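K.L.:
Residues per chain are reported as follows:
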Amino acid sequence: MTAGWYADVAERISSANYTFFHAAALRRSANFVDDLLGDLRDRGFDALLVDCAEVLRNGWRSALPVGQSGNLYVIWRPEALLRRSDFEDLIRQARPPVHSALMEGNRVVIVSTMPQMMFPVPVGSSVIADAAKVHPQPVSATLLRRVVPSLSSDTAERIVLRARGCVALAEGYALVDRSTASGNQKSREAEALLLATLREAFAELGPEILALLEHLVLECGVVDVPQMDLRDHWIAALEDAGLATIDDSTELVRLFHPSWRDTARLALSQALRAVLQPPSAWQKIATSLFELERTVRSVVSQGLEARYGEGWRQAGLGPLAPKVVALARAETQSDVGSVADLHSPLDWLVLDQLFALAAETAQHVRLGGISSREWRQFSERVVPVRNRMSHMRLPRPGDLDEVRRTLRILGARIRTTSVPSAGRQPGPADRDLNSVSAGAPRATHPPGAS
Amino acid sequence: MVGFDPTAFLNKAVTSRDARLLRHLKRLTEVFPVAALHREALQMLGSDFIDARERKAPSERGCWTALVRFGEVIERRFGLTREVMVYYSPYDDLQLRTFERLPRVQEDQPRRPTQDLFMIYAPDPLAERKLDDWTVREPFAVVGLPLAGVTPAEAASRLLAALTDRLAARNLYEETLPVTGRDFFGRKDLLISLAEELRRGRVCGVFGLRKTGKTSLVKELGRRFESANSTKRIFILRDLEDLPTEPERHVPSLLADLTTSLLPRLREHGLRTHELRHLPKEPEFGEFRRALQATLGDKSSADVQFVIAFDEIESFVGPETAHANQRPHVPELLGALRSLVQENDNFNVLISGLTSAVLEAGLLYGRENPLFAWAKPFFMPPLSMESARDLVEELGRRMAVEWKPEALDVVYSLTEGHVFLHRTLCARIAGALPKDLSGRTVTEDLVLQCARPWRRGIAEQVHQMMLSMRRFYPEEADVLGLIREEVLSSDEVEEAYPAAMNHLINLGLIAEEGGGFQLTAFSRLALGKK
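Which chain is which? The protein sequence lines are A and B, in order. Take the first sequence: its position 96, counting from 1, is numbered 96 in the numbering used here, and each next residue is one higher. Take the second sequence: its position 297, counting from 1, is numbered 747 in the numbering used here, and each next residue is one higher.
Warning: the hint list may mix true and false statements.
Some chain B residues near chain A, calculated using beta-carbon distances under 8 Å [as the list claims (entries may be wrong)]:
{"id": "1", "residue": "Arg620"}
{"id": "2", "residue": "Thr695"}
{"id": "3", "residue": "Gly907"}
Honestly, the hints are just simulated from the structure, not real lab data. Computed from a predicted model, the values in this text were never measured in an experiment. We treat Cβ as the ideally placed atom computed from N, Cα and C, and that holds for glycine.
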């Protein structure tokens, strides 16, 4: 007799030959692999487990042999491949054997503890991204009672409600309920189970969504978020992980059940603390910020030169000059007398100072075709990203887009505008860049967009 | 049975009157008396047997097959275009091996029946349960014929319900593999252009984002190319994704594989194989080129057309084509292919993949790109409204799904013919339909109800498709963001990023409209709401 936790998943797989099941921590039973295989076999599948750890040793061809038909290959934990430097090759090489297996009349389901969106995109096609997603259904009290027949229907209803239909919690709570411990002890055990499961669920989501949740939940204190403010793939990953419910009638995404809220905050905080490696976006943001900051310095120095001529270093920096000199003396050039001695004094400005200087300069000269107002808006949007980077905080989803977007706007204006010259620019001075978004959750931006 | 009306099936009903066939059917009913009930039931459904014969193999002693031609009503309802084979087994314990044998049995039939649907009879009370279990393992559906002891009307009603149930359990929109033949829809103009270019001896490239149907197109092109003159045409498709990890092993592996693919085809056509047969296990460029040249130039090949298609070209070319000296073998192989094409009127090459850089970059890994400004790029267009409609209706019929015209319009407005969006939306809708035949009509309301869950259901895949696009077209990805946000005017963007804009149009990510540029359905989904 199988547990039946995954009968709905098995049913879904029966109508599609190639699927991806995001088996997040909240969705996994204690004996997950056995339970899943049992339910698949119960549905009539010849389910064969393909452990990706095994693939690393023997390759895809051994895992998915030619000439077989009628099997359901359960490719388990592809995230095991992620640790390898040749991950891309391993995923690329999976496509021909997976396609052969499918064409020979087999089915394939990829089962991962991570969301589909977290897998890096290889050169060419991805067997992970190509698979259609299986969305698990919440556990019902009837199902829980079938697994644990000794539960009364009231207790089963209560457990399922508290577990929000998640297998891991429903199974765990049922176990706690049947123990002989005191009521208080049972509460503590249930709480500990929730904390541990949520922590694992958060960690599996990866740094991009963790950073989003940090912003929404820990910084802004928001748990009911308009769907409009979240990208669909974030919503999908959170829903599949059992961490969000979606209400299409109110157009809201509810993060966590209200009864989980404090535990969820604690679990999220612990999961964030455990992130020690830089996310993949970090290096890309750093690269783009480097290009952006150097571009702005170049445009501003040309603008100052156009305005002040050769004496731009002394005349152009105004009250910033002493600070620049002090920094240069402290760090590299102790004999610096004034900004005139520095070949590139703008190197010593932080980004918000640089943008402020650009905004001020743009009132007097054409500066890359960008108006003062636009320079200030760039500052509001990019400086927080740079601050997060310089403080080694997790970049938020949308940070990379924000920096790239600014670079492209600058690029477009510079390409289509002549070099800085004296005289106020006639460009689109009143253009409002704040009316746009690069994908970050807008409604929850704190004032000042810091 | 309640609700069963035989008069609904009378239009263009099938009735067999051939004396020889009737004699065969008489013998069938002597061996399987229940076949008489089946025939009556079929006739109530406007259908009939058109063939019956005993199986001769010792392992099938006592078994019979028959072919059923369904009447027009059933054929239209279920999208059937051929007869359906029935297998009669006398054994009261239906065996898996009998079930698994069905695709082979249908190959011996006098007419080629439907390949993905069979009917079976065995006097096994557990037959239905067994068929339920076994059907999930196979790419075909098997419907059990009713056991004896019911009226013909009940048998007809049960057969209809069983057909609906089995066909409705499939979701043919959810196709993830490349499709050809009757499963391939649209792209007629592109197929014609490509065939014409190949005939003229011009190397072509087919490019498009992931999941836009490139591989299907190339396979269908190959199928049509060969079937137009199967004795004089050879089309070899090589998926480059399983190349070894080490780039330096790409060429030996690829050439060895091409040799292995070519030899049986050359033998099949009686062409020269000597030089290719004697190549070393992992040949070098020059060796392979000379060997292939010997075959192409041989007089036996004079009127044979050869095409080699390379799919997923980026797996060979790599993403960083500007890095000098990284993969010198890439321009070398492309150069060798170019010279083979130039020297032989009967040889051509087709390339497909995500990035058109392989044809558009002047330099590849520090060397002149042999295909630059020489090969012709084509980009995957969306499905036209007519092709999209054909796809939805034709596949729908095979699952007993009917579509209201307004529903089809809404689907197209949501997908704009992007094949991945189109298929996944229809799959979501089909999955929401009941199995009951009376409820399998798709309305506009149902499409709208399914739209949001569909969007979320594919959101992670769409996100990955955009990441993949960004990898090969980083400037285009950024420019697309600028267009979405309307930060710059269309003129400004076009003036600053003309090449990127051209790619965005070719890739179907933006469309020119009213003097400006609009995001297409795919881009709107990928980039989210503004």
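K.L.:
Sort out which numbered hints this structure fails and list those numbers smallest first.
P.N.:
Of the numbered hints, all hold.
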